[in-house]
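Peer 1: Going line by line, the protein sequences match chains A and B. Numbering follows my numbering, with no gaps: position 162 of the first sequence is 162. Numbering follows my numbering, with no gaps: position 49 of the second sequence is 454.
One should not assume that every hint holds.
Derived Cβ-Cβ restraints for the label pairs, each shown as a range [claimed, not checked]:
hint, chain 1, residue 1, chain 2, residue 2, range
1, A, Phe4, B, Phe419, 58 to 68 Å
2, B, Leu422, A, Ser167, 53 to 63 Å
3, A, Glu24, B, Leu422, 33 to 43 Å
4, B, Glu571, A, His296, 36 to 46 Å
5, B, His688, A, Gly225, 53 to 63 Å
Keep in mind the hints are simulated off the structure, nothing from the lab. Ideal Cβ placement from N, Cα and C applies to all residues, glycine included.
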Amino acid sequence: MAHFTKATSVKDWLNQRLAIEKVEKVMASEYWIPKNINFLWAMGMILVVTFVLLLVSGIFLLMYYVPTVDEAFDSVNYTIMREVDFGWLWRHVHGVAASVVFLIIYIHMFTGIYYGSYKKGREMIWISGMLLFVAFSAEAFSGYMLPWGQMSYWAGMVITNLFSGGSLHANFLVEWIRGDYVPAQAFLGRFFMLHVLLIPVAIMGLIGLHFAALRIPHVNNQDGGEIDFDVESKKYLDGDKAGSKVMRFANDFMSKDMMVVGIFLIFFFYLVFYNYGFAMDAVNFDPADGLKTPTHIYPEWYFLWSYEILRPFNIDLGLVLFGFAQVIFVFLPFIDRSPNSIPANRRGTAFKVWFWLMLSNMIVLTAMGKLPPEGMFSAIGLVSAILFIVQWLALPIITSMEKKV
Amino acid sequence: MKNKEPIILIVVVFFALLTYYLVEPYAHSVMHKHVESEGFSYADLPTIEKKGDATRGQELVMGAGACVGCHSIEVAGMPAAMEPQMAAASYGVNPPDLSNAGAIFDAKFLVDIIKNPAHALMVEHKFDAEKGQMHPMVPFYGAGGDIDQEIADMVAYLQSIAVKPEEVTPTMAFENACGRCHAVSYENWTQIGIKPSFKDKKDSLAFDIKLLEYQDSIKAYMGKLPPDLSMYIRSRGEHYINTFMENPQSQLEGTAMPRVGVTAESAEKVIEYLEDAGDTKRHEREEIGMNVMIYIVIFAIFAFLWKKQVWRDLH
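So that you can see chain A by itself, here it is in the shape it has in the complex (with noise of 0.2 Å):
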C-alpha cells in the first residue's frame, strides 16, 4: 500500500489520493497544442458543447416523453410544448442541436482532409472520428423516430426497407430489424432505447477514444510542420512564452476555444429561436398515418449526399454503391497514398482539385437528394453519384503520383 501523510491541506488530501495536480497537468496546463492553428481547430470545442446541450436537453425531454404509438406524438406536442414549463424551449435545442452538430461534423472532417490530419501517425484520430460520425448519424435516426410523426414513420419504413437488399429480398431480416411487418410498437420502443441508451453510452466511449488518439500524435497544425513538443514546451516552460511553437491546452488555447464558441453559440440560439424550421421538418408536425404516403420523403439535410448516391441507380447497384459511400470515408489514411501530410494546397494540382471537386459535389448531392427525382435533378444526381465514386476509386493514384514536397 502507498504511504499516505496526514493532510496539510483538502488539496494535499486529494492530491495524495487523486493525483489531482498530475492530472491537471496532463489533461490541460502542460497538454501542448501547437500555436500556428486557426479557429478551425476550436471545432472539437464546438462539438463537445454541442454534445452537451443534447444530453442536457435530452434529459429534460425524457422526463416527459411516452415511446408508445398511441401518445408519443402528442407527448412530444402536447406535453412537452404545451404543458411543460420551458418544454418547447428545450425541444427547439435538441432539435437544432441535432441538425448542427452535423454542419459541425462535416466542417470538422472537411478540416481534416484539407490538412491531411490523417497522415503521419493520426491515422486513429480519423478512424474513431468516422466511427463516431456513424454513431452520431445512427442518433440522428433513431431520435428522428421518436415524435412518431409522418416523416419519422416513412423514414423508418424506408431506411428498414434497405436492410432486405434489393434483390436478395431478405425480408426476414427486415421484419427482425422491425420487430413486425410494418413500423409499430416494437419498432418505436427498441428504437427509443438506442435513442436514449446504447448509442449515447458508445459514443461517449468513442468520444474517450478520439481524445485518446490524440494525445500521442499531438494536434495537427496549418502548415503540416513537425513540431518537437518536448524542445518547444520547455522553451515555453523557461518563460519564452513567445519564442515556443506551443502553447498550453488550458488556458492558452482553451480561451480561444471559448471565443470561438461564444460565437457559435450566437449563431446556435439564432436558430433555436428565430430559425428552426430547417431542423424540424413541417411534415413531422402530422401524426404518423401507415395508410397515408407523404407526396415528398426525404431525410434530414446530412443524409442527403449518401441518399442520393442510392436513388439514382436500379436497387442493387445502388445499395452497393451506398454501402461504399457509407465506409469509404473510414478507408482515407490507407486510400490517400502521398508522402506528404501538409494543407490540401501545397499538395500539387491534382489533390487540390480532388479536394475542392468533393466538397462541391457533395453539396450537389445534398441538393439533389432534397429535390425530387424528376428530369434535370435526376441527371444531375446520377452524373454527381458517378463523380463521388470515381473521384474515390481515383484517389490512390492520383496521390500516389503526388510528389514530395
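Using the hints provided, position chain B relative to the given structure of chain A.
Peer 2: For chain B alone, coordinates are given in the frame of chain A:
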C-alpha cells in the same frame, strides 16, 4: 505570417449558406406549388349592387326564405331544432348557427351561397344539380319580388344581428368557419363542441357516442374524416392555411372541402386560433429569445476579452 482566418471564415460561411439555400428555400420552392393569396377578395363572386334592408330581411329569413327550417339563430331566440349528430345524419354536416354569420363571412359569399350554395362553396364537382346531385342546402329561389334585392335584405339582416366585425374572437371565427368538420384535440374542441367534464362516466360515454355518430355522418358526406387541426400551424404553416381557406381547390384540386368564405379579418382570427393550439408558446419564445441573445452576446464579448488577455503573452 498572414492571418488567414477571415478568408477561411468566408469560405466556411459561403459553403454552409449555399447548402442551406439549396436544401431549404430552393428545394421547397420546387416541391410545393406556390399559391398567391388574393387577400380574401373573392373576385370570382359577383359584386353586390343592391342595398339591403334588415327589417325586410328578417321577415325573409324567418319566413319565405325558410332559413330557420335548418339553421338555428340563437341570438334571435331560435335554438337548434336537433342535436348536432341528428342534424348531421339529415344534412351530412350540422348546418351552422347564423347568429354571427354576418360578421364572420364575406357579404359577397353570403349572397352567393343563398342563391347557389355549390357555387359559393366551390363544390360543384361534387354537387351537380343536373346529374341529380343536390347540395344539402337548398338554394333560395326568390319570394316573388326582385331576388337580388331579397337576398341583399337577408344578408343585411344577418349583419345586423351579428357582433361587430372587430368583436369576432379567434374561437368564434374558428368554430363557425372550421369547427363543424375539424376537431382540434389540443384545444379540447370536437366537431360537436368542447367536451364538458362529466362527473358520471356514463354521461361521458354518451357524449362520445354522439360524437362518433356525428363523425360517421361527416365521413360519409366528405369521403373521410377531416383532419384534426391541432398542429396544422406547424405542419402546413400560415401561408398554406390562408390560401387553402380562401380557395381549397387552389392547393388541392378536387378536394371535398368547401370554400368557407371568411372575411380577411376572420381568417386572421382562425390563424390566431390555430397558433394558440399548435404554437402556444410563441410569445414566450420571442421574449426569452431576446434575453438569451443578449446574454450570449455578452458571453461572447467576455470570451473575446479573455482570449485577448491570455494571448498577449503568446506573441
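Peer 1: Enumerate the violated hints, using their earlier numbering and listing them in ascending order.
Peer 2: The structure conflicts with hint 2 only, although it agrees with all the remaining ones.
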